[in-house]
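Residue numbers (our numbering), protein chains in the order written: chain A, 1401 to 1696; chain B, 159 to 512.
Because the hints were derived from the structure by calculation, they are not lab data. Here the structure is a predicted model, which is why all the values come from computation and not from measurement. Just so you know, even glycine gets a beta-carbon here, dropped at the ideal spot from N, CA and C. Careful: at least some of the hints might be erroneous.
As the list claims (entries may be wrong) - Pairwise CB distance ranges (calculated):
id : chain 1 : residue 1 : chain 2 : residue 2 : range
1  : B       : Leu362    : A       : Leu1582   : 54 to 62 Å
2  : A       : Ser1454   : B       : Ser330    : 39 to 47 Å
3  : A       : Val1552   : B       : Met465    : 47 to 55 Å
4  : B       : Asn390    : A       : Val1407   : 48 to 56 Å
5  : B       : Ser373    : A       : Leu1684   : 38 to 46 Å
6  : A       : Asn1576   : B       : Gly384    : 26 to 34 Å
7  : B       : Ala325    : A       : Val1679   : 32 to 40 Å
8  : B       : Glu324    : A       : Ser1454   : 28 to 36 Å
9  : A       : Arg1485   : B       : Leu362    : 43 to 51 Å
10 : A       : Leu1405   : B       : Thr238    : 40 to 48 Å
11 : A       : Val1679   : B       : Thr471    : 42 to 50 Å
12 : B       : Ala325    : A       : Trp1486   : 41 to 49 Å
13 : B       : Pro292    : A       : Ala1556   : 37 to 45 Å
14 : A       : Ser1558   : B       : Leu362    : 58 to 66 Å
Stated by the list, open to error - According to the in silico footprint, chain A covers these stretches of chain B (three or more CB under 8 Å from chain A):
id : region
15 : 299–306
16 : 312–324
17 : 436–443
18 : 468–474
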Amino acid sequence: MTPELFVQYIFAGLTYGIIYAIVAIGFNIIYNTTGIINFAQGEFVMLGGMLAVSLSKLFPLPLAIVLAVLITMAVGALIEMVFIRWLDRPSVLRMIIITIGISILSREAALHIWGESVRSLPYFVGNEVSAVAILGARVSPQVLWVMGVCTVMVVALSLFFRHTLTGQKMQACSANRRAATLCGINARNMVTLSFMLSAGIGALAGCVMSPITYTSYDVGPDLAIKGFTVAIMGGLGNSMAAVAAGLLLGLIEAFSISVLPLAFKDAIAIGILLLILFVRPHGLFGKKEAAGLKEF
Amino acid sequence: MKRYLPLLALLAVVIFVQLLTGWTETGFYLTQLTMSAYYSLVIIGLCLLMGYAGQISLGHAGFFAIGGYTSAILTTHNLTPMKDQALVVLLAKVGCLVASKDEYGAELLVAQPWVACLLAVTAATLVALVLGGPVLKLKGHYLAMATLGFGTIIYRLVLATWLCGEADGISSVPPFQLLPGLTVSGGFGERISNYYIAWGLVVLFMVLLINLVHSRAGRALRAIHGAEDAANAMGVNTARFKLTIFVLSAAVAALAGVFLTHYNGGIGPSEAGIMKSVRYVAIVAVGGMASIWGALIMGTLLNFLSMRGVFGTYDDAVFGAILIIIMLFAPEGLLRLQLWPRLKELKKSWGGEK
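Just need the whole structure built from these sequences, with the hints factored in.
As structure tokens, this is what we get:
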């Protein structure tokens, strides 16, 4: 493998890796406030991308993306209010099945609205063939956009959770919901907010990745499985570790292509998921004791 | 004896439906009813796992596909080029292979369907054993994701391997002769006999399940579903029970896969898809989780309607909606809604408020 090719693989891996990390953070945000794994997480990414593609025909690109993210956030809030808010201590099995149902319905709705065709947004800067030379590798500017936007999102989220009152309220709810309620925090609103946040970051990731990876109605489940793999690798609920785990998975996948046929790329990620679930269910970076306290 | 009464009723319904289609000359319904029977077989197996042992599996289409594909590959893969090799000669000698000629007169040497069926079910059983050990230690979300992951891997492998026909699947799978005069195939003349083969299999499996549910094992299973730790403390070997049921349900799914593949004369990758697994789970949920009769009735009904094309292009959406609605409003299943007592209760509480 030439050094240039090596750098090329690294960039490909990091691009996908950071997207997986964003999906994983989406899982974590909802998991932290509710204890639910939202199996419809991948559909937020799909919805963001699809909406932006449609809206970009009516509005300039930046506005289209902002609108797409806002609409997806509204959808996220709506889903929470209609399906989850009024359930009284639902069992885990029940929640798994409900969120799977939501994922199917969103996918089918997308299929009937947009059809089966694969779409994409235009490149933000330049076009398909423009490239920037970095360390001898040729990298599309869109790749830099993906990395930039996702990094900003991660930093902004961690600042939000640490330094704003709303973020701290959400953290309080995830630490102890009842105690938070007693302190006058409206826990239910925090749950709605967590769905909105998680839908929003998913949708934004869906928009920036759309020019490179394309978007179609059925990209959700694969992304959700990858995102979940990453969330588990990092330790469920730990968003910063999810970033590291995401980049790791992205790199593993990218380099696996150089050894194995492309068709097995997804099987590798899932193989890793199974392996980690069996060997270290508390994650690569998580502590076993902490995981033991959580309900799965 | 009382517990077998519903089974007699089932037998009566099966025969009645066949006679009815005979009188009204609507024999074409039997085709979908036969296919529904095989899918129902998967569903009651899954019901045992979900409702009684309390373990969700989002990968049962994977086991179905392992069964179907193994049998399809073995009975279509031509061994003629290798017919001089010692192993092939030996297999042919003990009667594991059958020779025939295809429509162009070329020689065909493939596995005997019985052998293929046995190997297919064994393969699924082994996979379930190996997978079940670590997977069943997981709970809740982790279990769901791990089984979903397993299903996805099978789907990807089927799509990517040349031997499985990639996206095209495998076609021209030969009929499966069970006994002389009794053949699993989609042939027009064998429609009625195949209807009875499929439903006979269902009845047989129901007998097995009813006995299992009412035995010591069945009580142990319900204890596991109720509270696993408590069952463990009472001396129930929960890990072994869960694994046994997991393997049993996988083997049944594989068997259904084998039969349906021979009946349809082929199998495609969609049989291994995630939507299939989700659909099985949906039907178990609608039937009421811990109700094999509910699973059987709903499995037959919904699969029949779906295959008749009643839901049109909204087929998957219908199953998604069913999942959500059942889980939101009737997590105990449709047949256990007990509408009447609930209405009475409502009436009472209304009166009380006045």
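The hints, checked one at a time:
no.: 1; hint: B/Leu362 with A/Leu1582: 54 to 62 Å; in the structure: 58 Å, holds
no.: 2; hint: A/Ser1454 with B/Ser330: 39 to 47 Å; in the structure: 44 Å, holds
no.: 3; hint: A/Val1552 with B/Met465: 47 to 55 Å; in the structure: 50 Å, holds
no.: 4; hint: B/Asn390 with A/Val1407: 48 to 56 Å; in the structure: 53 Å, holds
no.: 5; hint: B/Ser373 with A/Leu1684: 38 to 46 Å; in the structure: 43 Å, holds
no.: 6; hint: A/Asn1576 with B/Gly384: 26 to 34 Å; in the structure: 28 Å, holds
no.: 7; hint: B/Ala325 with A/Val1679: 32 to 40 Å; in the structure: 34 Å, holds
no.: 8; hint: B/Glu324 with A/Ser1454: 28 to 36 Å; in the structure: 33 Å, holds
no.: 9; hint: A/Arg1485 with B/Leu362: 43 to 51 Å; in the structure: 46 Å, holds
no.: 10; hint: A/Leu1405 with B/Thr238: 40 to 48 Å; in the structure: 44 Å, holds
no.: 11; hint: A/Val1679 with B/Thr471: 42 to 50 Å; in the structure: 43 Å, holds
no.: 12; hint: B/Ala325 with A/Trp1486: 41 to 49 Å; in the structure: 43 Å, holds
no.: 13; hint: B/Pro292 with A/Ala1556: 37 to 45 Å; in the structure: 38 Å, holds
no.: 14; hint: A/Ser1558 with B/Leu362: 58 to 66 Å; in the structure: 59 Å, holds
no.: 15; hint: 299–306; in the structure: holds (count 6)
no.: 16; hint: 312–324; in the structure: holds (count 4)
no.: 17; hint: 436–443; in the structure: holds (count 4)
no.: 18; hint: 468–474; in the structure: holds (count 3)
Of the hints listed earlier, there is not a single one the structure fails to meet.
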